[in-house]
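Build the full structure now, drawing on both the sequences and the hints.
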Amino acid sequence: MPRSKVTRTVSAPAPCSVDEPRPRPRAARVPVPRRTPKRYYGHGVPGIPADTLSGKLIVVEGADGSGRSTQIARLVAWLESHGHGTVQVGLKRSSLVREELERAQAGNILSRTTLSLFYATDFADQIENVILPALKAGFMVLADRYIYTLMARDIVRGIDEVWLRNLYGIALAPDVVFYLEVSPEELVQRNFAKSHALDYWESGMDLGLSRDMFDSFVQYQRLIIEQFRRLQRTYAFTIVNGDRSADEISRELQQKIATVLFGQR
Amino acid sequence: MLSKTFAELGFPGRLIAVEGIDGSGKSTQIYLVKRWLEQQGLKVFFSEWNSSELVKSATSRGKKTNLLTPTTFSLIHATDFADRYERQLVPLLRAGYLVLCDRYVFTAFARDVVRGCPPDWVRGIYGFAARPDLTFFFRTTLEVSLQRIRDSRRELKYFEAGMDLRLATDPEESYNIFQGRLLEQYLAMSREFGFHVIDANQPVEAQQSLVRPLLADRIPLADYAAQ
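Chains as they are written, first to last, in our numbering: chain U, -8 to 256; chain L, 1332 to 1558.
Check before you lean on any hint, since a few could be wrong.
Calculated lysine-lysine pairs in the DSS-like style (CA-CA distance at most 30 Å, straight line) [unchecked claim]: (1) K247(U) - K83(U); (2) K29(U) - K185(U); (3) K1365(L) - K1387(L); (4) K83(U) - K1335(L); (5) K185(U) - K83(U); (6) K29(U) - K247(U); (7) K1394(L) - K1335(L); (8) K127(U) - K185(U); (9) K1395(L) - K127(U); (10) K1387(L) - K1488(L); (11) K1365(L) - K83(U); (12) K127(U) - K247(U); (13) K1374(L) - K83(U); (14) K1374(L) - K1335(L); (15) K1365(L) - K127(U).
Where chain U lies over chain L, by a calculated footprint (3+ residues, C-beta under 8 Å) [claimed, not checked]: (16) 1446 to 1457; (17) 1519 to 1529.
Hints were generated in silico from the structure; no laboratory data involved.
For each residue, glycine too, the CB sits at the ideal point set by N, CA and C.
Structure (structure tokens):
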């Protein structure tokens, strides 16, 4: 792979200027990101050694309404304007089980271990068929949620964390993980502003926290935030204050990504 | 994981599993056990590997379109098992049923490892399951099981012959290599999980005459009578 020779690009001309939310045409020269070590959390995917992956895996985590999709769309535009190829992935997008998973959720018929394994299958399918091939080809892979959401949701439902860590030993450790943290009260407002309704699963209604959906939503999101803060200590992701404006958040994400791509500047 | 049986966990019901390579005749044997128990008026439930309705459609799509890798093959079967385990097996065992399983987690332990998944990973995933109260392993030679498949039905199935592993281009040759490796895995697990090994090269009746007394000896069948 031609990119494998690249070590540092500190001297490259103005890589990724960060303070513009909207991309403008760039200089013709496109600096190549530096190569950084990669690793799996556990045994990984048999046959694909982590050191053959030259692209970058960028993960954005956060509840519905935290601004994830907005930020990802902006990052894609920004990265592409700087000449980087991008690929997007997210939960429940595998061709293998997406359909069944959606049907199961609509009917609320699966118990917790089953649902957990269904999501893990969906994840495994995407890591093997989309994420790893794209990284091998040197793309920037933007993941709209990753294993941390799956783990947080399961832990809140009483699933053993050691069991989950073993399960997700197939996952690649991302180059950078952002968690957009938004208070439950603000999330409620944003969800209502968008669709005037709260989602059954995002409200954790299956947990029986409260029959009142509003109460359940707030309680459930609080439990999830707690888990994310706890997981942060293990997985060292960047917690981003999501209560700010989209522009401010973009700037923070771009800065951090520029550092990941080109080192300290 | 799998350290305790259902009896040890205080379940009133009992789980009996049969294992063996394809063509070992285990399905015939468990069917005859089922009929025998039913005729005694006992509460019996029979469950097959890979039979959860919802998961099955994903599995068959995956198999048909060759989408499955060793990792997803393993996970989708674990999903299927979890669905049956949580929604059927556990509630029935709580209700005092004799649950008969044609294949249990050992099938996954053998197959997934032969396909290249790490043993600890696979076992960890099935860590939520309890150990059967009784496990019969039907041991055949490869020649006998291959002959049975030929006699009874059909061509070898793609995954049964392990064709996805590209061990050989000829299905029979591939079957021999793949099922041979499975047999090794099963035998290695046999002592660890206390399999009752039945010589499955014998006639159907001879095997059944071994299985029935053993079962009656281990499980107080009268306790499982339906009202």
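Holds or violated: are the alpha carbons of K1395(L) and K127(U) at most 30 Å from each other? holds, 27 Å
Mind checking the alpha carbons of K1394(L) and K1335(L) for me, to see if they're no more than 30 Å apart? violated, 34 Å
Please verify the coverage claim for the region 1519 to 1529 of chain L: does it have three or more residues whose C-beta sits within 8 Å of some C-beta in chain U? violated (count 0)
Given hint K83(U) paired with K185(U) - CA-CA distance at most 30 Å: Roughly 21 Å between the alpha carbons, so the hint for K185(U) and K83(U) holds.
Could you grab the alpha-carbon distance between K1365(L) and K83(U) and see if it respects the 30 Å cut-off? With Cα atoms ~40 Å apart, K1365(L) and K83(U) exceed 30 Å; violated.
Going straight from one Cα to the other, do K1374(L) and K83(U) come out at no more than 30 Å? Violated: K1374(L) and K83(U) sit about 40 Å apart, past 30 Å.
Sort out whether K83(U) lies within 30 Å of K247(U), counting only the CA atoms. Judged against 30 Å, a Cα distance of about 27 Å means the pair holds.
Examine the region 1446 to 1457 of chain L for residues whose CB is less than 8 Å from any CB of chain U, and state whether their number is three or more. holds (count 7)
What's the verdict on K83(U) and K1335(L), does the C-alpha distance respect the 30 Å limit or exceed it? violated, 35 Å
What's the verdict on K127(U) and K185(U), does the C-alpha distance respect the 30 Å limit or exceed it? violated, 37 Å
Please verify whether K1387(L) and K1488(L) have alpha carbons no more than 30 Å apart. Given that 30 Å is the threshold and the Cα spacing comes to 17 Å, the pair holds.
Going straight from one Cα to the other, do K1365(L) and K1387(L) come out at no more than 30 Å? Roughly 24 Å separates the two Cα atoms, so the pair holds.
Checked against the numbered hints above, the structure violates hints 2, 4, 7, 8, 11, 13, 15, 17; every other hint is satisfied.
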